[in-house]
Every structure is written in structure tokens, then in C-alpha cells.
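*Asks:* Sequence:
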Amino acid sequence: MPTFILTIKLDRPRNSRRSGTLPKRSQAARELAKKVGVEIKEIYLTSGEHDLLVIAEAPLGDHITKFALATGSLGNVRTRTSRAWTEPEWTKLMSELP
Numbered sequence: 001m002p003t004f005i006l007t008i009k010l011d012r013p014r015n016s017r018r019s020g021t022l023p024k025r026s027q028a029a030r031e032l033a034k035k036v037g038v039e040i041k042e043i044y045l046t047s048g049e050h051d052l053l054v055i056a057e058a059p060l061g062d063h064i065t066k067f068a069l070a071t072g073s074l075g076n077v078r079t080r081t082s083r084a085w086t087e088p089e090w091t092k093l094m095s096e097l098p
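Heads up: the sequence shown begins at 1 in our numbering, then just goes up one per residue.
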């Protein structure tokens, strides 16, 4: 199944660290993903430009697009999505070049 990497930037409400908002958001994201045909494999808290890194799988890019649009429509999340290929996948792709 195709793998996708999403980087997520959160707009944090006040006191979000104390109220446990991030774990709640993470669970809600997993539930939303499931509804649109996406399986979230891993969620990483990151330092730097983005707050979270999500590794997800979906049968089609359309499913990931629905997930990113639904998440972004909440108004407090910005996403960037990339398709990722495993080493065996990209090795096969390269071997098929003309």
C-alpha cells in the first residue's frame, strides 16, 4: 500500500500543554483517517518548522487528500503531504526507466 508522509503545523490554543490537547488531537486524527480510508502508522512529535510528522498508508492518494483537506478545514492545522517510496519500491521504479 502506498506510504505518505505528512508534516503538520498546529496553531496551539492557550494552555494546550496543560490540558492534554495534543493526545486528544492525535486520537481524533486517527479516527478521522480511518473514516476516509487512511491508516496512520506512526505519529512523531518533532522539533523545528513543523510540530508533527505522520507516516500513513492509503490505497490511493485521493484518500490522503481527503484526510489532509478535512484536517485543514478545522482551521487550526496546516499540512504538507509527500508520497514516499520504500527502497525496494524506488529500486524497482529505477530499474524500469528507459
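No lab work stands behind these hints: they were computed from the structure. Do not take every clue at face value.
[To be verified] Distance ranges between label pairs, derived from CB positions:
(1) 75 to 27: 32 to 42 Å
(2) 93 to 28: 43 to 53 Å
(3) 5 to 28: 34 to 44 Å
[To be verified] Listed below are the simulated BS3-like cross-link pairs for lysine-lysine, each with C-alpha atoms no more than 27 Å apart in a straight line:
(4) 34 to 9
(5) 24 to 34
(6) 9 to 24
(7) 24 to 41
(8) 24 to 35
(9) 41 to 66
(10) 66 to 35
(11) 24 to 66
(12) 92 to 9
(13) 41 to 9
(14) 66 to 34
Owing to the predicted nature of the structure, the values given are computational and were not obtained by experimental measurement. Backbone N, C-alpha and C define an ideal beta-carbon position, used for all residues, glycine too.
*Asks:* Please go over all the hints and tell whether each is borne out by the structure.
*Replies:* Hints, one by one, checked against the model:
Between residue 75 and residue 27 the beta carbons are some 19 Å apart, a value that contradicts the proposed interval 32 to 42 Å. Between residue 93 and residue 28, the C-beta spacing of about 35 Å breaks the proposed range 43 to 53 Å. Taken as a hint, the range 34 to 44 Å is violated for the pair residue 5 and residue 28, whose Cβ atoms sit roughly 20 Å apart. Annotation: proposed proximity of residue 34 to residue 9 holds, straight-line Cα distance about 21 Å (limit 27 Å).
For a cut-off of 27 Å, the pair hint linking residue 24 to residue 34 stands: about 16 Å separates their Cα positions. With a CA separation close to 16 Å, the supplied pair residue 9 and residue 24 stays within the 27 Å bound. For the hint pairing residue 24 with residue 41, the CA-to-CA distance comes to about 17 Å; that is within 27 Å, so the pair holds. With a CA separation close to 17 Å, the supplied pair residue 24 and residue 35 stays within the 27 Å bound.
For the given pair, residue 41 sits about 17 Å from residue 66 by alpha-carbon distance, which is consistent with the 27 Å threshold. Of the supplied pair hints, the one linking residue 66 and residue 35 holds, its CA atoms being roughly 10 Å apart against a limit of 27 Å. Proposed proximity of residue 24 and residue 66 is supported: the alpha carbons are some 21 Å apart, at most 27 Å. The hinted pair formed by residue 92 and residue 9 fails the criterion: a straight-line CA distance of about 33 Å is larger than 27 Å.
Among the hinted pairs, residue 41 with residue 9 is consistent with the structure: their alpha-carbon atoms are about 19 Å apart, no more than 27 Å. Between the alpha carbons of residue 66 and residue 34 the distance comes to roughly 11 Å, so the proposed pair stays at or under 27 Å and holds.
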